[in-house]
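S.K.: Residues per chain, in single letters:
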Amino acid sequence: MSDETASEVDRAGEPLALSATPADSTDPRSNPLRGSRWREQLRPALLSVPLLSIVTGLIFPIALAVPARLLFPEQSRGSLIVRDGEVVGSRLIGQSSKRPGDFHPRPSAAGSGYDALASGGTNLGPANPKLRDGASDDPATPTVDESFAGVRQLAREFRLENGLSSTFPVPIDAVTRSGSGLDPHISVANATLQIARVARERKLSQERVRQLVRKHTLGPQLGFLGSARVSVLELNLELDLDALADSSPSPASP
Amino acid sequence: MRWFEYIVFLATVVLLARPTSLYLMRVFRGQKTFLDPVCRPVEAQLYRWLGVDPEREMPAAEYFLCFLAFSMLGTAFLFLILIFQHWLPGGPDASYLTTPMTADLAANTAVSFSTTTTWQAYAGESTLKYCTQVFGLAVQNFLAGAAGLAIGLAFIRGFAREGSATLGNFWVDLVRSLLWVLIPLSWVGGLFLVWQGVPLNLTAYIQAHTREGSVQTIAQGPVAVLELIKNLGTNGGGFFNANGAHPYENPTPLTNFVEMLAIAVIPASFPVLFGRMVGRPRAGWLLLAIMVILFVAGLVVCDRAENAEPRRLADLAVVGGNMEGKETRFGVGGSVLAGVVTSNGATGSYNSMHGSYHPIGVLVLLVNMLLGELVFGGLGTGLYSLLMIALVAVFLGGLMVGRSPEYVGKTMGPAEAKLVAFYALITPLVVLPLAGWAVASTAGRAGLVTNDGVRGFTEIVFAYASCMANNGQNMAGLNANSAFYNITTILAMLAGRFVLAALALELAGRFARQGRKAVTTGTLPSDTITFGILVLGTVLLIGALSFLPVLALGPIAEYLKTAAGV
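Those protein sequence lines, which keep their order, are chains A and B.
Just so we're aligned: 82 in my numbering is position 82 of the first sequence, and the numbers increase by one with no gaps anywhere.
Just so we're aligned: 121 in my numbering is position 121 of the second sequence, and the numbers increase by one with no gaps anywhere.
Possibly wrong hints are sitting among the right ones.
Unchecked claim - Rough simulated footprint, nothing fancy, chain B against chain A, three-plus residues with beta-carbon under 8 Å: (1) 44-56; (2) 94-102; (3) 182-188; (4) 220-231; (5) 234-243.
Read the hints as simulated data drawn from the structure, not as lab findings.
All residues carry an ideal CB built from backbone N, CA and C; glycine is no exception.
Full structure from sequences and hints, please.
M.R.: Spelled out as structure tokens, the structure:
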């Protein structure tokens, strides 16, 4: 079989040859719908979809899943972060954190914020007034919360909580929502502006916090792909560990 | 840094064009490849079960009808899976699947995936079971992609052959596309993606106990099964609602780069394959050069629009490019690259929300789709998108020099010219009336739940342009899950897939029967810069004549309004 098929399809033979298939034995102008020809195609037409579905929908996934799960067990399970036997999140999925002692992620349009069941962005056009000025809750619909923080409000809040003057330039990622609503990262500029607040709230030196930010900063991949960024959840978790390490010796000390 | 990423991407695509075309040629000629020990026995067994005689070739009409029957049966099969998905075993828990699978949504999704459009009027994580995603959607990603590759091959054979009644055997091309191209690449690429963090599991949605004491439910699934083939097959339907923006679908800048390569490399190798198979390699490289020029033009304009600080935020002292709807890890660069690649490459796997793009950014994406995705384009189908327009240029050139128009030695008679002209008219004939209908009807305007005015108009045009181009990306501010949009977009998807393929194959069949004219001094050469400029001019002329009014009412009007501060 294989030898026969090997010479088939394009009988041109040599790669650059101009000649092609000698005319079929059938009349070139024959009607393709003529009974016997059409009946010949009935079986492949009917069987191809189920048969190839098994190849691509059953055999392929298994052939991929077996090595993938063996080689990369953690990633294939969703890159989950486990603390004390409990899943606290995923390395790849952003999480809301509003406490002043934490680094804050970007605003999120996924559900009511970082809802990993409802990924998505705002889809607001740049000229839509809602994007800039926000929207307030409509009292006529008590079950739905229409309130929406616009860029103006988000920028004001960002400056306020980080002790910046009212004209201090705010990095745009801090006041815009990502496409997925699950962005696990913030820009380095955004993280840097939050260092003073986090250090103050956690009673750590700014140098220590800066060190941790640097540890959780990823540069452009391979040196040129994408943007430099800071993983917010991992950074906050590390800060928590830092706090534990600081507090645990204290009961023992006199 | 952005520019370096763009340059490396484009260089990789162009450098891979030649080796890819050589490999494809070997595969579809049935010559020896390194995968033969695995693939040959499977291939032979499949032909036996299917009852296919690989020796028997098909004329254009029969080839097309097999393609049509295969696609229709695939649609029906997927439709049944979708409708009866609640009977399927496995996760996720039914309580998470809050979007009802109505008949119109199922029909829309079935047509959408079997035409490689993969327009999605639903959110994957709240609508579909894992079984449906794998056995329904991933399967159609493979099958429809392979069918497109087959059609593209048959189209090239029309130009390559002389005095031939046939264009190849659809089933053979289909099986070889799957076994030698799509499945192996998806396997290697899939493993790579899992390594980078794309999940592959069948577990229940994870309940994470967050640091703030609440519960974050994280959707899971066999994402990696779908992820590479959705790009390779130029389908683009995401596992999750946010598609390529979702960190589970596209966790790192490197996965983004690889997924973009998966979209562009094979379609970019097609013009080179064409040149080689018809024995005019320079003509093939010229077509690729035209693609690259149009690609770069779109990329530069879109990059400038998105990297500029948003005008409306100027007084708020916010610094940086337009990051609304974009992911930090990709930045503006990785997002714009994906936007331009996907809108050219007939793939809906956007990684940023195009609904929040600057009007000129939207304009670039919309124009890419309205021109028929002739830059790289759909898997297999992208080549004829460009060639059919190139033939209009041939016709115009023939009129100018006063000779009967011919291209790579094939003569364009009245019948061929009519086919080409009809092809060029189909997109405006489908997109414009449908968009007009949507704008004029209450049901159509009801979809505008996020933006209104010119932006809303653009969203509607974008939807039909995307479906017609079998692209599938959307400006998601438009709520398209309604009977009106589910049914009208089906019309555009079917026209974009089957009417265009029918015309292209009919033309290929006619050319295959012809002999080849020798090159004389009177021939308009098809491999010179002059000819390239003629083709580029024709592309822009046809595009402008068909779509300038609609673009002026949409993104251009919005741009002018923003610039004027209205």
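S.K.: State for each hint whether it applies.
M.R.: Outcome of the hint check:
With a cut-off of 8 Å between beta carbons, the segment 44-56 of chain A has 12 residues touching chain B; three or more are needed, and the interface restraint holds. Only residues whose C-beta sits within less than 8 Å of a C-beta in chain B count toward coverage, and the segment 94-102 of chain A has 7 of them, enough to reach three; the restraint holds. Residues of the segment 182-188 of chain A with a Cβ under 8 Å from some Cβ of chain B number 6, which satisfies the need for three, so the listed coverage holds. For the segment 220-231 of chain A, the stated coverage by chain B holds: 8 residues have a C-beta nearer than 8 Å to a C-beta of that chain, and at least 3 were required.
Check result for the segment 234-243 of chain A against chain B: holds, 3 residues qualifying (beta carbon to beta carbon below 8 Å, three or more required).
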